[in-house]
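Chains as they are written, first to last, in the working numbering: chain A, 33 to 647; chain B, 15 to 315.
The hints are simulated quantities; they were obtained by calculation from the structure and are not laboratory data.
Only a predicted model underlies this, so the values are computations on that prediction, with no experimental measurement involved.
The C-beta atom is built at its ideal place from N, Cα and C for all residues, glycine as well.
Fair warning: there could be bad hints in the mix.
[Said to hold, decoys possible] Reference listing, derived: stretches of chain B covered by chain A, where coverage requires no fewer than 3 residues with Cβ under 8 Å from a Cβ of chain A:
| id | stretch |
| --- | --- |
| 1 | 112 to 123 |
| 2 | 151 to 157 |
[As the list claims (entries may be wrong)] Chain B is faced by these chain A residues, among others (derived, beta-carbon under 7 Å):
| id | residue |
| --- | --- |
| 3 | Ala43 |
| 4 | Val55 |
| 5 | Ser278 |
| 6 | Gly397 |
| 7 | Asn419 |
[As the list claims (entries may be wrong)] A few chain B positions that, by computed beta-carbon distances, are all more than 10 Å from chain A:
| id | residue |
| --- | --- |
| 8 | Leu186 |
| 9 | Ser298 |
| 10 | Glu308 |
This is what each chain is made of:
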Amino acid sequence: MQQNQAARVLATLFFIGLLVCVVVLNKRSVTRQGGSVVANSAEEAGGSQYPVPAAPDAMERYGFKLTEVSKTAGVEFTHQPPKLDAKLSHIIDRVADMGAAVAIADFDRDGWPDFYVTNSAEGGKNHLYHNNHDGTFTDVAEQMGVAAVNSAESGVSMGAVWGDYDDDGYEDLLVYKWGKCQLFHNENGKGFKEAVNSGVPQWMNANAGIWLDYDNDGKLDLLLGGYFDEKLDLWKLPSGNIMPDSIEYATNGTRLYLLKGRGDGTFEDVTVQVGLDKHKAWTLAAVAVDMTGDTFPDIFLANDYGKAELWHNVEGKRFENVSVPSGVGDRPKSGMNAAVGDIFNDGKFSIYVSNITEDHYLLQGNNMWVPSAAAKPGELMFENQANGLGVENGGWSFGAQFGDLNNDGFQDIYLVNGYLSGTKESYWYDYATFAGGNQSIIRDAAKWIPIKGRSLSGYQPKRVWLNDGAGRFTEVAQAVGASDRFDGRAVALADLWNRGSLDILASNQRGPLLVYKNEVRPENHWISFELEGVKSNRSAIGAITTVYWNGQKQSQFVSGGVGFCAQNDRRLHFGLGKSVTVEKVEIRWPSGIIQTITSPATDKLHRIRETSASG
Amino acid sequence: MTPAMTSAPATETRSAAVKKPFAIDKRYLAPLLITAILLAAQVNFGVLEDYRKTLLAIGVSIVMEIILGYIFNRKIPHLASAYVSGISCGILVRSPEWWPYALAAMLSVTSKYVIRVQGRHLWNPSNFAIACLLLLAPQTVASLSIQWGNYIWPMLIVWTLGAIIVSQFGRLHICAMYVACFVAFAFLRSLGNGHPFFAEVSPITGPMYQLFIFFMITDPKTTTHSRWAQMLVAFLIAATESALRYWAPAPIAVHAPYYALTIMGPTSNFIEIWMNSRAKKATSETASLRSTTEELSPKTA
Chain A
33 MQQNQAARVL
43 ATLFFIGLLV
53 CVVVLNKRSV
63 TRQGGSVVAN
73 SAEEAGGSQY
83 PVPAAPDAME
93 RYGFKLTEVS
103 KTAGVEFTHQ
113 PPKLDAKLSH
123 IIDRVADMGA
133 AVAIADFDRD
143 GWPDFYVTNS
153 AEGGKNHLYH
163 NNHDGTFTDV
173 AEQMGVAAVN
183 SAESGVSMGA
193 VWGDYDDDGY
203 EDLLVYKWGK
213 CQLFHNENGK
223 GFKEAVNSGV
233 PQWMNANAGI
243 WLDYDNDGKL
253 DLLLGGYFDE
263 KLDLWKLPSG
273 NIMPDSIEYA
283 TNGTRLYLLK
293 GRGDGTFEDV
303 TVQVGLDKHK
313 AWTLAAVAVD
323 MTGDTFPDIF
333 LANDYGKAEL
343 WHNVEGKRFE
353 NVSVPSGVGD
363 RPKSGMNAAV
373 GDIFNDGKFS
383 IYVSNITEDH
393 YLLQGNNMWV
403 PSAAAKPGEL
413 MFENQANGLG
423 VENGGWSFGA
433 QFGDLNNDGF
443 QDIYLVNGYL
453 SGTKESYWYD
463 YATFAGGNQS
473 IIRDAAKWIP
483 IKGRSLSGYQ
493 PKRVWLNDGA
503 GRFTEVAQAV
513 GASDRFDGRA
523 VALADLWNRG
533 SLDILASNQR
543 GPLLVYKNEV
553 RPENHWISFE
563 LEGVKSNRSA
573 IGAITTVYWN
583 GQKQSQFVSG
593 GVGFCAQNDR
603 RLHFGLGKSV
613 TVEKVEIRWP
623 SGIIQTITSP
633 ATDKLHRIRE
643 TSASG
Chain B
15 MTPAMTSAPA
25 TETRSAAVKK
35 PFAIDKRYLA
45 PLLITAILLA
55 AQVNFGVLED
65 YRKTLLAIGV
75 SIVMEIILGY
85 IFNRKIPHLA
95 SAYVSGISCG
105 ILVRSPEWWP
115 YALAAMLSVT
125 SKYVIRVQGR
135 HLWNPSNFAI
145 ACLLLLAPQT
155 VASLSIQWGN
165 YIWPMLIVWT
175 LGAIIVSQFG
185 RLHICAMYVA
195 CFVAFAFLRS
205 LGNGHPFFAE
215 VSPITGPMYQ
225 LFIFFMITDP
235 KTTTHSRWAQ
245 MLVAFLIAAT
255 ESALRYWAPA
265 PIAVHAPYYA
275 LTIMGPTSNF
285 IEIWMNSRAK
295 KATSETASLR
305 STTEELSPKT
315 A
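In isolation and in its complexed conformation, chain A is listed as follows (with noise of 0.2 Å):
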């Protein structure tokens, strides 16, 4: 009997001892992911959604700092949403929730990095900025003829890529809309004209858009995924049944449109033909990539309400559907953003996908797919390490991209977040009472529950995560200065003023475009690569940039559109640490072509032009 009450009450402290272990773990594993995101309101964030400044000891501590200077450079664009058909009115907010996107380019070639972005009230303007060199931009999308896309009859622009499509050496410009797509051909830098027949979808509501050269003939090509079913006129609905018919598996999303660039301003829809007619989703994000070595692009697609798509290009004939062997289409999440990075300096491309991150409701976690040690060469195989490598916790994650912000040889991370800020009333447990619901309910719009101005994860503080290079992300964003508040869609990195140093433009929903310059540490040295490629595409979209220094390795890729409604410079930057010297540079372009520059400068950008063979 004694025995039995001795044993009851180690029973019972152990038992205490284990909830105490609960709330130990817990904000052990909160702090081990960079902290809550969590803010319900304008007050808890701090009074603004403005970003304050940078700790002062940030350039010490993390080599570099970003001061937020839109106004003093001229950029004042404030991103509007759509008010579409008046049966979604109650819910506009969670249907209208995307279209602030930004892609950069050097439209008129004068070396230094412009950038595009876009509107989506109807009547509303895209802007586009033209760098004066400087430190100031103006908007001239008026007198470039790209301004005036966005309207009832036509739809609104969802994001924007550039792509020089007929190798004249400027870059062209395709706007994806739920709408129209337009396809705006660069007049030499001079202004721009839109291309009639052109092949592009004459409806279609698109939120994804990047340019590739699936078949490597150095013309490029356009994939175009969608988001609401494509039949779908957004102004004019039948009925309130147009919303997913499940919040993670859903069938009533839209194809994707793989169209085949001609060179002369016209293409030829080959989805079929290649196998990519099977793909029926919700797809936000998209991004071409060479992952097996074989030179032809491989697609991954970050689909919303289901599960992440990997496509091999078998030879640039086909795409076979690999999603699930090679581990990224496990399990559905709420995919919205794909980037691409080479993480650990070893030549191994990683994607980053952002989900939804919400204390007490979803914990869906960012995925971090980092190709597996088992794989064979060529095989197409990830593990998600995202928990481990400490960039799980995005909140409410949009755009992310992959960029060494602080010049010292690692890939870090920027991730813009936050859904929707309104008032201190939250709306999460009216979405998550009937998202779980049977698909009668939850895709008729009619059912939701309306909004009320409420907010969805709003006020987030963004994620600036900085690469140890030895497996581990710190996250840095509010010591470095990366702290505002609005809800961030778009995240794009360039060096904006040709200083050395990875600056940022981040687009926020229904709010302004914000232009982070960056400094940097002058110690971490650094080289960059414009890329201009002759049997490949000219814009070298494709190519494969291998920088060797200091007994290591790093590669980038130049894209046609990454992350979440985005698209980088097309010059590659590398941060060196502080090595001033490089071994060599490897390019591999689309065309197969593999060239190579032994001991370039540093501290300096370099431009390539493709040679006529390897070498």
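Could you slot chain B onto chain A? The hints should help.
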């Protein structure tokens, strides 16, 4: 959903097995059913966070049961209950970390041995463990919600199998009562907050709720014994859940069913134990009085 249906009296099942040589021991019904549902869901939807985490929860649960069972009773108990506790935690806990699965299983089994009144444990073990984690670790732990799709056929499977199993134990009335009350309260909430009725009734149309209805609120060991009391408790759980949904802060409200069962389950059990104890006392007093009277009677006679 824990030792749900794992607690049919051993003598009863043994005699049943004698009568029907191929009849299955009822203690295995719930484990088999939940395993079947889980496998089907995993194959079709990839429902699990990570199957290794579920295995961890099951393993820890079984090891804890063996250890505690041996310490307290000097014998290894039947492990069906521990298996169901583990698999329940493995399905219902959602976390990117590993530790919540292990701790949920440990809390679940330990609570059975620690929190007891008159030899009976009050809480449905896995419900208790999940409620603790949701309350104490909301940044790291959520519960299963939308990971089984939003389609009708998974529910039909759970309904069918659930109804067959639950009726074997004579507890289908608890499910029916709860569903009827939930719908009625959803209607009242929609009148009160102006939300569409379908939005309020939506949760019960999802597969996660079917697990709650069939396998948590019907757990024989932690439900009251009389039929009317079981129906009353089902009503009270639905009422408490609705009250939490309507008035509680959102982070509590979103896990209302778990908390409602955590509150009402032990309360009803405690009341029943108290009432039984009073009745027993009264019976024993009456018997004692009668015996005294009988003893005195010859003398007085």
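Here is what the structure says about each hint:
1. 112 to 123: holds (count 5)
2. 151 to 157: holds (count 6)
3. Ala43: holds (5 Å)
4. Val55: Since chain B brings a Cβ to about 5 Å from valine 55 of chain A, closer than 7 Å, the hint holds.
5. Ser278: holds (4 Å)
6. Gly397: This hint holds: glycine 397 of chain A lies near chain B, its Cβ roughly 4 Å from the closest one there, short of 7 Å.
7. Asn419: Nearest chain B Cβ about 5 Å off; hint holds.
8. Leu186: holds (22 Å)
9. Ser298: Label holds. Min Cβ-Cβ 22 Å, cutoff 10 Å.
10. Glu308: At roughly 34 Å from the nearest Cβ of chain A, glutamate 308 of chain B sits farther out than 10 Å, so the non-interface label holds.
Checked against the numbered hints listed earlier, the structure breaks none of them; every hint is satisfied.
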